[in-house]
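With the hints as a guide, bring the two chains together.
So the sequence lines, in the order shown, correspond to chains F and A. Under my numbering, think of the first position of the first sequence as 1, with each following residue one higher. Under my numbering, think of the first position of the second sequence as 1, with each following residue one higher.
Do not take every clue at face value.
Unchecked claim - Ranges of calculated distance between the beta carbons of each label pair, as one might list FRET restraints:
1. A/2 - F/39: 37 to 43 Å
2. A/15 - F/42: 25 to 31 Å
3. F/46 - A/38: 19 to 25 Å
4. F/57 - A/51: 26 to 32 Å
5. A/87 - F/8: 32 to 38 Å
6. A/38 - F/55: 31 to 37 Å
As the list claims (entries may be wrong) - Facing chain A, a subset of chain F residues (Cβ under 10 Å, in silico):
7. 9
8. 91
9. 103
10. 115
Hints are computed from structural coordinates only; laboratory data are not their basis. Beta carbons are placed, not taken as given, at the ideal position from N, Cα and C, and that holds for glycine.
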Amino acid sequence: DQQVKQNSPSLSVQEGRISILNCDYTNSMFDYFLWYKKYPAEGPTFLISISSIKDKNEDGRFTVFLNKSAKHLSLHIVPSQPGDSAVYFCAASERGGTSYGKLTFGQGTILTVHP
Amino acid sequence: DAGVIQSPRHEVTEMGQEVTLRCKPISGHNSLFWYRQTMMRGLELLIYFNNNVPIDDSGMPEDRFSAKMPNASFSTLKIQPSEPRDSAVYFCASSRGRGNTEAFFGQGTRLTVV
Numbered sequence: 001d002q003q004v005k006q007n008s009p010s011l012s013v014q015e016g017r018i019s020i021l022n023c024d025y026t027n028s029m030f031d032y033f034l035w036y037k038k039y040p041a042e043g044p045t046f047l048i049s050i051s052s053i054k055d056k057n058e059d060g061r062f063t064v065f066l067n068k069s070a071k072h073l074s075l076h077i078v079p080s081q082p083g084d085s086a087v088y089f090c091a092a093s094e095r096g097g098t099s100y101g102k103l104t105f106g107q108g109t110i111l112t113v114h115p
Numbered sequence: 001d002a003g004v005i006q007s008p009r010h011e012v013t014e015m016g017q018e019v020t021l022r023c024k025p026i027s028g029h030n031s032l033f034w035y036r037q038t039m040m041r042g043l044e045l046l047i048y049f050n051n052n053v054p055i056d057d058s059g060m061p062e063d064r065f066s067a068k069m070p071n072a073s074f075s076t077l078k079i080q081p082s083e084p085r086d087s088a089v090y091f092c093a094s095s096r097g098r099g100n101t102e103a104f105f106g107q108g109t110r111l112t113v114v
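Looking at chain A on its own, in the form it has when it is part of the complex (with noise of 0.2 Å):
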């Protein structure tokens, strides 16, 4: 199993424009998540889905972040427009789900707006 991957891995871009992150779960995983990784909080979970559905996003910070899951392969976390203050790691991790909370985590991507 190739693990979860995400793509770009590195992302800069210049202020005010879209960002898209791509993930792509471990195959037979339930359960997917968004986290951005800051000095001051650590891994902060961003949004995360259940067989492809939306579960909690009370962690996205602004109405600019969206994400999606159209199907078990595949999600998204889009950024409209991007600010400087969005620079940080983002991870996607995938785990089974309820009862089984082992997630395991891509590379990252590292997103700089300038």
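With the rest of the complex left out, here is chain F (with noise of 0.2 Å):
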């Protein structure tokens, strides 16, 4: 059961434009949520995260939405560079609880920027 998921396994952008990747989740009980970016032969990297009780994070080029109601967000970035491209990982988490800072990942997107 995939509580986190992104459809699309692989995104190409030219430099300049503008970076779209989606990421929907099914548990409610979700209440923060993160990316993060992953280069080859690395380990994933925090980017931005977003609480639940906004629906807007932005830092520099990067902005993460939520759409609570369609329980799903998305991450912009703008403008795409070359060195943007990586694996990008959706990731969700309670942050109360008894998950103790428990993330549960998408698939990830591959994103490719081209000069």
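In structure tokens, the structure reads:
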């Protein structure tokens, strides 16, 4: 049972344009969402996060949008740069309860930004 | 801080052999996670600990897999006996735990079972 889903295995974008990566979740107990970026032969690194009490969080070129009613979030990268080419993972967690920081990840989306 | 340290970076072993992966979490982090990366399932949580106690091992695929955390600075993931379908990249991550869920990952161990 995949509680976090990234339905697009890959995305190709021209440099300077917008990249939009999507993520859906099924567990209504999730209240905190994160995006991680992963380069080959490296571990995932934290990129940006959003709490369920917000619908938008922005950090430089990266913006995450959350639609709780649709159980959907997206990551926007504007403008896209070749160095953004990586695998992007969406993750979700329950901050309270007994999860102790457990993160549930999606399958990942391979982003390729062409010069 | 050196971050989460995993060893070895690469492991090639023959089917049936025992494999031990090692992890040193970030000092002061209370939660430690073992993930496996596959094409089909992405980052799959195998097991996690809080304050050295296993909290949830429901992701461990079979009894061939076991994990320990004898102290706050060390954890192992063991596969015995190993099978070719265990070939994957295994990541260890740590975080401060409840209320703070940003996890920091090690560089991973690429396991190949032939």
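Comparing the hints with the structure gives:
1. The beta-carbon spacing between residue 2 of chain A and residue 39 of chain F, approximately 19 Å, falls outside the hinted interval of 37 to 43 Å.
2. A hinted range of 25 to 31 Å for the beta carbons of residue 15 of chain A and residue 42 of chain F is consistent with their spacing of about 28 Å.
3. Between residue 46 of chain F and residue 38 of chain A, the C-beta spacing of about 21 Å keeps the proposed range 19 to 25 Å intact.
4. For residue 57 of chain F paired with residue 51 of chain A, a C-beta distance near 30 Å keeps the hint of 26 to 32 Å intact.
5. Separation of residue 87 of chain A from residue 8 of chain F is about 26 Å and departs from the stated range, judged on CB atoms against 32 to 38 Å.
6. Range check, residue 38 of chain A to residue 55 of chain F: Cβ separation about 32 Å, and the 31 to 37 Å hint holds.
7. Because the smallest distance between the Cβ of residue 9 of chain F and any Cβ of chain A comes to about 9 Å, under 10 Å, the interface hint for this residue holds.
8. For residue 91 of chain F, the shortest C-beta to C-beta distance to chain A is roughly 8 Å, which falls under 10 Å, so the interface hint holds.
9. A cut of 10 Å between beta carbons decides the hint on residue 103 of chain F: the least distance to chain A is about 6 Å, and the hint holds.
10. Contact between residue 115 of chain F and chain A, as hinted, is not supported at the beta carbon level, the nearest pair being about 27 Å apart and thus beyond 10 Å.
The structure shown violates the earlier hints numbered 1, 5 and 10.
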